Amino acid sequence: MEIQKTLNGTALTVAVEGRLDTTTSPQMEEELRNSIDGITDLVLDFGKLEYISSAGLRVLLAMQKIMNRQGKMTLKNVGDVVMEVFEVTGFVDILNIE
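Quick note on numbering: UniProt numbering labels position 88 of the sequence shown as 88, and the sequence is numbered without any gaps.
Keep in mind the hints are simulated off the structure, nothing from the lab. Each hint should be verified, as a subset may be incorrect.
[Unchecked claim] EDC-like cross-link-like pairs, simulated, lysine to aspartate or glutamate; straight-line CA separation at most 20 Å:
1) LYS65 <-> GLU30
2) LYS65 <-> ASP41
3) LYS5 <-> ASP41
4) LYS65 <-> GLU50
5) LYS76 <-> ASP93
6) LYS72 <-> GLU31
7) LYS65 <-> GLU98
8) LYS5 <-> ASP37
9) LYS72 <-> ASP93
10) LYS72 <-> GLU98
11) LYS5 <-> ASP80
12) LYS48 <-> GLU84
13) LYS76 <-> ASP21
14) LYS5 <-> GLU84
15) LYS65 <-> GLU17
16) LYS72 <-> ASP41
17) LYS5 <-> GLU29
18) LYS72 <-> ASP21
19) LYS76 <-> ASP45
20) LYS76 <-> GLU50
21) LYS76 <-> GLU98
22) LYS5 <-> GLU17
23) LYS65 <-> ASP37
24) LYS76 <-> ASP41
25) LYS65 <-> GLU2
26) LYS76 <-> GLU31
27) LYS65 <-> GLU31
28) LYS48 <-> GLU87
29) LYS72 <-> ASP37
30) LYS48 <-> ASP37
31) LYS5 <-> ASP45
32) LYS72 <-> GLU50
33) LYS65 <-> ASP93
34) LYS5 <-> GLU30
35) LYS48 <-> GLU98
[Unchecked claim] What follows is a list of derived Cβ distance ranges for each label pair:
36) GLY9 <-> VAL88: 11 to 21 Å
37) GLY38 <-> GLU84: 13 to 23 Å
38) ASP80 <-> ASP37: 28 to 38 Å
39) ILE94 <-> GLY47: 19 to 29 Å
40) ARG58 <-> GLU2: 15 to 25 Å
Since this is a predicted model, take the numbers as computed values, not measurements. Yeah, the Cβ is synthetic: ideal placement off N, Cα and C, and Gly gets one too.
I would like the entire structure built from these sequences, with the hints used as guidance.
Right, here's the structure in full:
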């Protein structure tokens, strides 16, 4: 998994490439937690995310809870495979997906 971060004032865009699973979720969570202090607009670009597991969903849920208190979180460029996981798990109702 590769993570690229772009900061623009209080807006942070995080592009994720590869797989967000049991192996890579701790890295993703650590990267996000270390980067969101003072961030009011978190955008996760999943254009190159190939797969997400329940461990990845847990990270997204944790970040959503934090961002609900300090701003908003948006997911962009979600592919069909990942979107299907969101639909089956009901995450489409929890996350802001564009």
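Exercise. Of the hints stated earlier, which fail here?
Worked result: 4, 11, 14, 15, 18, 25, 30, 32, 36 and 37
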